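**Student:** Assemble the whole structure, with the sequences as input and the hints as a guide.
Read top to bottom, the protein sequences are chains A and B.
In terms of my numbering, the first sequence opens at residue 1 and continues consecutively.
In terms of my numbering, the second sequence opens at residue 345 and continues consecutively.
Check before you lean on any hint, since a few could be wrong.
What the hints assert, rightly or not - Cross-link-like lysine to any residue pairs, in silico, SDA-like; alpha carbons within 25 angstroms at most:
{"#": "1", "chain 1": "A", "residue 1": "K163", "chain 2": "B", "residue 2": "R401"}
{"#": "2", "chain 1": "A", "residue 1": "K163", "chain 2": "B", "residue 2": "K600"}
{"#": "3", "chain 1": "A", "residue 1": "K163", "chain 2": "B", "residue 2": "G423"}
{"#": "4", "chain 1": "B", "residue 1": "K600", "chain 2": "B", "residue 2": "L565"}
{"#": "5", "chain 1": "A", "residue 1": "K87", "chain 2": "B", "residue 2": "K600"}
Treat the hints as calculated values from the structure; they're not laboratory data.
Being a predicted model, the structure only gives us computed values, none of them experimental.
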Amino acid sequence: MTDRELALALYRRMYLLRTFDQAGAAAYGRKEIHGTYRGSRGQEAIPVGVCAALNDGDFVFPSLRGVGDSLARGTDPRLLMAELFGKRTGLVGGRGGSLHFADVAHGVLGVFAVLTANVPLATGAALAARVANTGATAVAFFGDRATNEGVFHESLNTAALLKLPVLYVGINNAPQDADTSLGEHTAAESMAALASVHGIAAETVDGTDVLTVHARAAAAVDLIRKGGGPIFLECRCFPLDEPSRAEMDAWKEEMRRAGQYTSMLAFKKSKIGTVDLEPPAHWLLGDPLRKLEQHVLSHELAAETDLAAIRADVQREIERAVAFARDSAEPDASSAAVGVFAGV
Amino acid sequence: MSAAPSAMRQRTMQDAIREALQEEMRRDGRVILMGGDVRTSNSGLTAGLVHEFGEQRLIDLPTAEGAMAGLATGAALAGLRPVVDFGNLGFSLTGMDQITNEAPKVHYKFAGQVRVPVVFLFIYAMRGWGAHHDQAIYALLGQMPGMKIVLPSSPRDAKGLIKAAIRDDNPVSVCVAHELIGVAGSIADPDDVVDIGTATVVRVGEDLSVFASGAMVPRALAAAATMELRGFSVEVVDVRSLVPLDWGTLATSARKTGRVIVYDHGHFTCGFAPTIAAGIQERVFDALKGPVVSLAALDVPMPYSFVLADQIVPPAERLVDAIEHALGRSTPERQLVL
Numbered sequence: 001m002t003d004r005e006l007a008l009a010l011y012r013r014m015y016l017l018r019t020f021d022q023a024g025a026a027a028y029g030r031k032e033i034h035g036t037y038r039g040s041r042g043q044e045a046i047p048v049g050v051c052a053a054l055n056d057g058d059f060v061f062p063s064l065r066g067v068g069d070s071l072a073r074g075t076d077p078r079l080l081m082a083e084l085f086g087k088r089t090g091l092v093g094g095r096g097g098s099l100h101f102a103d104v105a106h107g108v109l110g111v112f113a114v115l116t117a118n119v120p121l122a123t124g125a126a127l128a129a130r131v132a133n134t135g136a137t138a139v140a141f142f143g144d145r146a147t148n149e150g151v152f153h154e155s156l157n158t159a160a161l162l163k164l165p166v167l168y169v170g171i172n173n174a175p176q177d178a179d180t181s182l183g184e185h186t187a188a189e190s191m192a193a194l195a196s197v198h199g200i201a202a203e204t205v206d207g208t209d210v211l212t213v214h215a216r217a218a219a220a221v222d223l224i225r226k227g228g229g230p231i232f233l234e235c236r237c238f239p240l241d242e243p244s245r246a247e248m249d250a251w252k253e254e255m256r257r258a259g260q261y262t263s264m265l266a267f268k269k270s271k272i273g274t275v276d277l278e279p280p281a282h283w284l285l286g287d288p289l290r291k292l293e294q295h296v297l298s299h300e301l302a303a304e305t306d307l308a309a310i311r312a313d314v315q316r317e318i319e320r321a322v323a324f325a326r327d328s329a330e331p332d333a334s335s336a337a338v339g340v341f342a343g344v
Numbered sequence: 345m346s347a348a349p350s351a352m353r354q355r356t357m358q359d360a361i362r363e364a365l366q367e368e369m370r371r372d373g374r375v376i377l378m379g380g381d382v383r384t385s386n387s388g389l390t391a392g393l394v395h396e397f398g399e400q401r402l403i404d405l406p407t408a409e410g411a412m413a414g415l416a417t418g419a420a421l422a423g424l425r426p427v428v429d430f431g432n433l434g435f436s437l438t439g440m441d442q443i444t445n446e447a448p449k450v451h452y453k454f455a456g457q458v459r460v461p462v463v464f465l466f467i468y469a470m471r472g473w474g475a476h477h478d479q480a481i482y483a484l485l486g487q488m489p490g491m492k493i494v495l496p497s498s499p500r501d502a503k504g505l506i507k508a509a510i511r512d513d514n515p516v517s518v519c520v521a522h523e524l525i526g527v528a529g530s531i532a533d534p535d536d537v538v539d540i541g542t543a544t545v546v547r548v549g550e551d552l553s554v555f556a557s558g559a560m561v562p563r564a565l566a567a568a569a570t571m572e573l574r575g576f577s578v579e580v581v582d583v584r585s586l587v588p589l590d591w592g593t594l595a596t597s598a599r600k601t602g603r604v605i606v607y608d609h610g611h612f613t614c615g616f617a618p619t620i621a622a623g624i625q626e627r628v629f630d631a632l633k634g635p636v637v638s639l640a641a642l643d644v645p646m647p648y649s650f651v652l653a654d655q656i657v658p659p660a661e662r663l664v665d666a667i668e669h670a671l672g673r674s675t676p677e678r679q680l681v682l
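**Tutor:** If you want it as structure tokens, here you go:
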């Protein structure tokens, strides 16, 4: 693959995630999607860069923002949107929504709504690859708060001990204005530091630079395939589709002044679907799409008209996905209790 | 000096379980054993298997129940058929998210895209260890749709149920009573699989039915023998598969005798005794001569002293009293707490 082909493929996929998120958040705002909608805005470079480094047959266990991680792996946006709409044509027939789906055809063995639950599962898939000698690599995506769960450390210890073929991708979207710690919930300085104490090779990369993410993931997967054991890639990025630290502080102050308290979750959910396609100015430098556009244009890999053509194409694809989801039938009510057990 | 063929087939439950694991590992290369110390076999259930199958298929894991259950589930998602030697059932509590929240649900919620053929092998006790090791809490697992639960009462059933569990495409918890581990019995031919979801009548009777499982089965048989000396015929049904339940066999027995006591090792509240009692009353109310009785462990954390422990789990003598009362021959012994 030439530099141009790689850059345009990554651009198309990242723009797909961005546009899907915009459409998904809008559908959530219209109540066509219920529950919640967890987008990947601002961190598209991480799943897209990592998944581009994988082979067919590798296993992916997405984070709670599994919509983007799964799209990065190649999931059909129509089937995914239909799942979020809870429709019969969805990836898992409306049984899962955004937090419980799988796409085994693309090696996505499942999105799990319990924080960190996917980390031991990915580690187990790596164990299976080792035992069956398939040469597959397992990848787990998770955010910085996942490191607070006990099973995170249980899994990393086990993977290091058994030298399992697993790539842990830590998405550090803790507020960048946090002083020395990883965030409000973790005293350690970085996710990589937490991985290192388990004897796992770890590095921190700019998770808004898709070419870097792709290159480092490819190097990591190459080492893993050679039997070197687990590797931890901490990818820093900016939190989007979430209130900023400043907005949160302002909201808390307003609650305090008014003496009227509402839930933080309700406040956060009120932000879903209100964001524009254009990212807010405070994280503009970290927009992975802008970064890649600038790289493509400055290195003359493609012209702006090429990028515009990709964007128009992707937008049509997402419009079709929304129409497909909207026009699809509800699940058959009589199927609700069918299939609890396999083979029955 | 080799023993006679019939004696060759006498095995303890521990040996029967090991034979089941060995035969299934020979039969299917996807079967692996995982756990705290499966190579050196802390539990004895996997003793010596490492010499035949190697360290590739007997995988020792750190003491971390969440990772143990999660790795097994992930390996099952990726195509293997893991058996986790968990040790004590009480240890399941620290791995509960992976055991109950992930493994049993994924087949349904992913609309059949994946299967989770994993076996969780637990040993449960209810006497002499104290509040953490004495926990017949398999009913907790029963609240998680998608998980099968079996309790063998004999070496033959232990072997047959474990073989069925390994061949099943669903998560199966095999709960083995610690007090039965060393008890010998005759075991079946290599391919005698016991179908999960089938109860079995282990003693035929006419006057009253006792539904029991696991370690309560030998106690129920002892109580039935006592009642026979007193001139009454008690039927004992080994439930052995708690999920799914064999309602047909249980209802047939209840309809025949008209009197039922459900005798369970677990605690009463939200347990299998009241669950089965409720289901039987709904199904055969017209044929019943009295209320279906739940005789289960009291809702008390298990104390260490034998004297205290024997107040919590109803022994065979208490079952005899309950049978006498159900037959209208005595007033019931008052329970301490319910």
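**Student:** None of the hints should be skipped; say for each whether it holds.
**Tutor:** Right, here's what the structure says about each hint:
Pair hint K163(A) plus R401(B) holds up; C-alpha atoms about 15 angstroms apart against a cutoff of 25 angstroms. For the given pair, K163(A) sits about 60 angstroms from K600(B) by alpha-carbon distance, which is inconsistent with the 25 angstroms threshold. The suggested pairing of K163(A) with G423(B) holds, with an alpha-carbon distance near 20 angstroms, which does not exceed 25 angstroms. Only pairs whose Cα atoms come within 25 angstroms are accepted, and K600(B) paired with L565(B) is accepted, the gap being roughly 18 angstroms.
For the suggested pair K87(A) and K600(B), the alpha carbons sit about 48 angstroms apart, so the restraint of at most 25 angstroms is broken.
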